[in-house]
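Asker: One-letter residues, chain by chain:
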Amino acid sequence: MTSVTIRIQESDFDIAREIALLAEGRTDIGAVVSFSGICRGSDGDGVSALTLEHYPDMAEAEIRRHVDEAIARWPLNGVTVVHRVGRLTPGQNIVLVLTASAHRQAAFQAAEFLMDYLKTSAPFWKQEENASGSNWVEAQAQDDAAAARWTKS
Amino acid sequence: MTSVTIRIQESDFDIAREIALLAEGRTDIGAVVSFSGICRGSDGDGVSALTLEHYPDMAEAEIRRHVDEAIARWPLNGVTVVHRVGRLTPGQNIVLVLTASAHRQAAFQAAEFLMDYLKTSAPFWKQEENASGSNWVEAQAQDDAAAARWTKS
Amino acid sequence: MKLKYFAWVRERVGKAEETIEPPASVRTIEDLIAWLTQRGEAYAYAFEKPKVIRAAIDHAHVKPDTVIAGAREIAFFPPMTGG
Amino acid sequence: MKLKYFAWVRERVGKAEETIEPPASVRTIEDLIAWLTQRGEAYAYAFEKPKVIRAAIDHAHVKPDTVIAGAREIAFFPPMTGG
Chain B
0 MTSVTIRIQE
10 SDFDIAREIA
20 LLAEGRTDIG
30 AVVSFSGICR
40 GSDGDGVSAL
50 TLEHYPDMAE
60 AEIRRHVDEA
70 IARWPLNGVT
80 VVHRVGRLTP
90 GQNIVLVLTA
100 SAHRQAAFQA
110 AEFLMDYLKT
120 SAPFWKQEEN
130 ASGSNWVEAQ
140 AQDDAAAARW
150 TKS
Chain X
0 MTSVTIRIQE
10 SDFDIAREIA
20 LLAEGRTDIG
30 AVVSFSGICR
40 GSDGDGVSAL
50 TLEHYPDMAE
60 AEIRRHVDEA
70 IARWPLNGVT
80 VVHRVGRLTP
90 GQNIVLVLTA
100 SAHRQAAFQA
110 AEFLMDYLKT
120 SAPFWKQEEN
130 ASGSNWVEAQ
140 AQDDAAAARW
150 TKS
Chain Z
0 MKLKYFAWVR
10 ERVGKAEETI
20 EPPASVRTIE
30 DLIAWLTQRG
40 EAYAYAFEKP
50 KVIRAAIDHA
60 HVKPDTVIAG
70 AREIAFFPPM
80 TGG
Chain Y
0 MKLKYFAWVR
10 ERVGKAEETI
20 EPPASVRTIE
30 DLIAWLTQRG
40 EAYAYAFEKP
50 KVIRAAIDHA
60 HVKPDTVIAG
70 AREIAFFPPM
80 TGG
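Protein chains in written order, with numbering that gives the first Met the number 0: chain B, 0 to 152; chain X, 0 to 152; chain Z, 0 to 82; chain Y, 0 to 82.
In case anyone wonders, no lab produced these hints; they're calculated from the structure.
Remember, predicted model here, so these are calculated numbers, not experimental data.
Warning: the hint list may mix true and false statements.
Said to hold, decoys possible - To give an idea of the chain Y side of the interface with chain X (calculated C-beta under 7 Å), a few residues:
#1 F5
#2 S24
#3 A55
Said to hold, decoys possible - Calculated lysine to aspartate or glutamate pairs in the EDC-like style (CA-CA distance at most 16 Å, straight line):
#4 Z:K14 to B:E137
#5 Z:K62 to Z:D30
#6 Y:K3 to X:D56
#7 Y:K50 to X:E52
#8 Y:K1 to X:D56
#9 Z:K1 to B:D56
#10 Z:K3 to B:E137
#11 Z:K50 to B:E52
#12 Z:K3 to B:E52
#13 Y:K3 to X:E52
#14 Z:K1 to Z:E20
Ideal Cβ placement from N, Cα and C applies to all residues, glycine included.
The following block holds chain B by itself, in its conformation from the complex (with noise of 0.2 Å):
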């Protein structure tokens, strides 16, 4: 049995919360990865804060699909997508995706596939804010690349 999270909001998430939810009474996990998108400030002239707008209909049903994906894919004990909406400033957090297996490289494997297609395919769009304005940050064409390596050949 696979445990699935997912969840969009505008409040923070707590790491270790999180994984105690997916691992807890559970005895056959032995590999949690855990990672968290951060809002960073130090780029070109400065990032004073993100705006993250989303389509809520269609988020939780996107990340669904490849949480499902990746569950076929890998032998998963547990799967967590969070991801924050809304106004966010440098050094906070973003998303988190955890994943739990038995074994280590399915936990790493299927929480960069998910990393990789929560970038290119959930739909989630950032604006930044900065001295002079605010703009929508543009999707860079390695994000794409990332995402197209998991694709079957």
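Following the hints, position chains X, Z and Y against chain B.
Answerer: Here is chains X, Z and Y on its own, set in the frame of chain B:
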């Protein structure tokens, strides 16, 4: 500057606290990957506990060598490795690797690299207790293969 | 059908959602973009580079040649930048 | 020089460490293993499969043909199973 923390201890670790220590006061970190290795209890005839022995004078130096190699290979803001020793029961933490970087791929790759080398090079040995007594865990060929893939060709 | 716009597509169109009744000749996402473009300057600006625009029908990503018949909700947005 | 044993090598030898003075003919790690093996049954048992045994000189991994001259501390142990 890459902040490095390496600890070998009997007591448990708190992932949230270790991440907070790593990230404190910095806004150049965009990605934190954590790996926790956990004592499993559901293998075969049921492991009731693990006892971890180590070579104290060598263990920290050996981990440090691999952390330094990770820092040379990937742009990292920080690395934390905590390895527990002593008797551990199913569900308890064994090892923590944390990597922080501006970019997610560097954080993922460095964490995987460090885990592969901890498994095959760090002087720790696991003894399993089960219903029929105790035995030393055998090294696995797949762990050697995992470590070998990082060797520059 | 209901249309939704996100991020800079929303800002350029000037609204987050609206309900439309396109003519029967509008069969695909591409057709719908072309039809919207000639509805006014705001739409023309939002869809000036149609290849950049992503679309979803009923909460699933679709391609420009996807047929829109039966769609309840169609969304247009720029490439995603979450995660 | 000081010898240290870990895990089942320690259990088989029956001690965690000792100080030894091997003859000058014992040049390498391999030679040292062969010399230890003929010191008694416990050693013969610990080193019965010399290819499995790993060694470290002064806290760094070394190969069987590494010369031991100048070593302060040599450790013998099975393949590592940490992490």
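Asker: Looking at the structure, which of the earlier hints fail to hold?
Answerer: 2, 4, 7, 10, 11
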